[in-house]
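In order, the protein sequences belong to chains B and W.
Using numbering that gives the first Met the number 0, the letters of the first sequence map in sequence onto residues 0 to 137.
Using numbering that gives the first Met the number 0, the letters of the second sequence map in sequence onto residues 0 to 668.
In case anyone wonders, no lab produced these hints; they're calculated from the structure.
Heads up, some of the hints might be wrong.
[Said to hold, decoys possible] Derived lysine-lysine pairs resembling BS3-like cross-links, with alpha carbons at most 25 Å apart:
| # | chain 1 | residue 1 | chain 2 | residue 2 |
| --- | --- | --- | --- | --- |
| 1 | B | K25 | W | K22 |
| 2 | W | K78 | W | K301 |
| 3 | W | K22 | B | K17 |
| 4 | B | K56 | W | K22 |
| 5 | B | K42 | W | K22 |
| 6 | B | K42 | B | K25 |
| 7 | B | K42 | B | K17 |
| 8 | W | K349 | W | K376 |
| 9 | W | K646 | W | K397 |
| 10 | W | K467 | W | K368 |
| 11 | W | K498 | W | K537 |
| 12 | W | K451 | W | K397 |
As the structure is a prediction and not an experimental result, all values here were calculated from the model.
So you can see what is in the structure, the chains are spelled out below.
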Amino acid sequence: MAQKSVTGKDVSVSKDFKDIDMSFLKNPFTNDIGVVRNEDAIKQALKNIMLTKTTEKVFDPEFGTNIWVSLFEPMDDITADRIEQEIMNVVGQYETRITMNDVAVEPIIRENAYHIFITYRIIGSPMTETVSFVLERP
Amino acid sequence: MIPNNLTGLDFVDIKASIVSYLKTRQEFTDYDFEGSSLSYLVDLLAYNTYYTAFNANMAMNEAFLPSATVRDNVVNVAKLLNYVPHSKVASAAVVNVSIQTSLTNGVYPSSLTIRRGPVASGGNYVWNCLQDTTVEVNPTTGAASFENLHLKEGTIVNFSYIVNTFQTQIYQIPSSDADISTLQVTVKPNESSTTSDIYNRAGNITDITPTSRVYFVNEGEDQRFEVRFGDNSIGRALTDGEVINFSYLVSDANEANAVQKFQWIGQFTDSAAIQYAPALAQVSTVTASSGGAEAESVESIKYNAPRYYSSQYRAVTAQDYAILTKSVYDNAESVVAYGGDSLNPPVYGKVYIAVKTRTGSLLNDATKKQIATDLRKYAMASIDPVIVDPEQLYIYNKIFVQYDTGCGSDTSTIKTEVQNAVSEWATQTAINNFNSTFRAQSFEKAITLASKCITDVSLQTTILRYIKPQTNQTNSYVITTGAPLYNSAPSVSSTDGVKEPILLSGVFRTADRPGVNQQFEDDGFGNLRMFYNTGTRKVFTNLTAGTVNYDSGTIVFGPVNIVGSGSNIADTGVQLTNSITGTGNITDPAALPTDLQIPVQFIPANAGSIPSATPGTVLNIISPEVSIQPLGTIPPPSIPLNSLTPKVFDQTPTVIAVASALNAGSLNT
Chain B
0 MAQKSVTGKD VSVSKDFKDI DMSFLKNPFT NDIGVVRNED AIKQALKNIM LTKTTEKVFD
60 PEFGTNIWVS LFEPMDDITA DRIEQEIMNV VGQYETRITM NDVAVEPIIR ENAYHIFITY
120 RIIGSPMTET VSFVLERP
Chain W
0 MIPNNLTGLD FVDIKASIVS YLKTRQEFTD YDFEGSSLSY LVDLLAYNTY YTAFNANMAM
60 NEAFLPSATV RDNVVNVAKL LNYVPHSKVA SAAVVNVSIQ TSLTNGVYPS SLTIRRGPVA
120 SGGNYVWNCL QDTTVEVNPT TGAASFENLH LKEGTIVNFS YIVNTFQTQI YQIPSSDADI
180 STLQVTVKPN ESSTTSDIYN RAGNITDITP TSRVYFVNEG EDQRFEVRFG DNSIGRALTD
240 GEVINFSYLV SDANEANAVQ KFQWIGQFTD SAAIQYAPAL AQVSTVTASS GGAEAESVES
300 IKYNAPRYYS SQYRAVTAQD YAILTKSVYD NAESVVAYGG DSLNPPVYGK VYIAVKTRTG
360 SLLNDATKKQ IATDLRKYAM ASIDPVIVDP EQLYIYNKIF VQYDTGCGSD TSTIKTEVQN
420 AVSEWATQTA INNFNSTFRA QSFEKAITLA SKCITDVSLQ TTILRYIKPQ TNQTNSYVIT
480 TGAPLYNSAP SVSSTDGVKE PILLSGVFRT ADRPGVNQQF EDDGFGNLRM FYNTGTRKVF
540 TNLTAGTVNY DSGTIVFGPV NIVGSGSNIA DTGVQLTNSI TGTGNITDPA ALPTDLQIPV
600 QFIPANAGSI PSATPGTVLN IISPEVSIQP LGTIPPPSIP LNSLTPKVFD QTPTVIAVAS
660 ALNAGSLNT
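Produce the entire structure from the sequences given, and follow the hints as far as they go.
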């Protein structure tokens, strides 16, 4: 690997976000690991935070959420509200690249699952993004 | 930029170093290292590095004796110094057992035997006789008496191994509670054989031949000892099919100490093979159980192993004797040795070894002789080891504390805090040990810091020693204080007038005046004088009863014939000729009391620093008398002239118990 010479460009704040794709697929053109960029990188980061249990990450036990515990609670608005609050707190703390607009947690009683919609805006970008995923018992 | 800071040992430092390195790489331009998938990979790298760094650090620490913390590692390093830590030691007691045998065909049996095994119960423990003991039966009366029978607490366990040289065998003793000093190793040629060879524990390889029946012991994992045999070069090697039998005691160590009553449960067998029931035996205790001790602590191994190695199986310097004594006598808590040439008067050709036992009891003559014999083989020719009891010097403090009444505390709380502070101070300074020095300044400071309400602390310090007279023998008794004594009026000579005494003894009775309690004190000019008290005045009976050297602190009392002390006086066996002056004579010397002790209390010249009188002296701090006064009260003088109270010390006083620092060797303690 070639070393990059450090110049003034390196200290400017980049608006480009890059991350390794969690699927770990190979990019057929570069033969390098798959990369996710910008809004996709942030979506992936949000999912990572949601799906990491607290105490799971080494030396950072508070990282992640405990929403999986709520999946075993009675499925009602109180539990949905608790999940919503937890998401608001943890994203506000660990994902500083976005501002949250809204979190919606909808119980899907028939499937014993919750549908979660997170609406946010990337700081420095006018676009509003939404990430949604379904939480269900493993 | 290649990371050049390799000193970071924290996870966060390591991670920051990796991140700052990756940020400089072109491949990772615009990557975000926080809250992303990449962060997980960096975490893994940092965790791995952290783990490796900890491992390296731990491995290096555990490789050296001073820094190792895990017991097995400390033991392994000590093994390289040929040091075997002592195992748990079973408590031992001495009893006398007597039994009446019965007639068989009109004659009493010639002998009676107690077999090895459990023979007595006491204090919820089982007590064993470790070897078959046979005594002769009195042919006229049929009485048999086992004198000074040694009992050891525990359960005798037998464990066997069959030797198989085709695999690597470790002959481990499968209990961490085993007392290795009771281990008996026998080897028989095969399982059906009825005869066996006894193997002895090897100490030094210099006198071992290829055929010697010896074994070596070292501590293995989890405090389980391992036994190894020779290799046909140093000791006989075992061959296939031989059966090794270990027989040892598994004991409750120090928990079984201080048991005083024993009940006999063992069988007796006489020479005609007739058995006698345990209930027929009469048991009397000679010595209560003592000497039980836990396995050697990690601190102790770390301290002793290098010193034991430095003595190299040879007692040359005084320190060598001290270290070797600890290895031959497990019950020694601390040992000090000094050449006889350092004594006053000097005794050449002898090394004196003072032993302070874990139990605090004094060694009996048999044990002293045994230790001296065990040391003899290490000693240089012409040097004679002599085991002595430690001399006890008691320091008696009266503590006067002044406190601020507006501080929000009360006298009883402050008193408790002062007493706790004194105990804590005694533990931290390890005052009750050889070669220690009482320093009033640190003592006062500890008391001052006991409570925020204490404003002033002052002390009245006196020293107490005991004279132990032989009953009804005319002797002179010498006690030394190791430091000068207070001189109450240095410029006054004997022709000018009188001085206040600075030493006073407890009461005693002499053979010529067995009817009156006498005491002795000094006259301030170097003489001791004996007197008795009529209740209204002192009557001096001997103005030259001994001498005092105020500069060297040597007090010589006698020649005098003592027949009683304190309340330990004869009711019979004396005849009085005058009941007022107490004169009379001894009619029955056998009725006189023994174990006499006369307390002597005196004022040191410098109470700020009181050293041990001799190398073999142990300082004891008597539980102090504490008085708490409000601020503004004037404390009494620091020199307690005319207020010595030796009579309260007729019985040996309670001293401050000093807790010993023990570490079982766990990472969690």
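* Hint by hint, which ones does the structure fall short of? -> none
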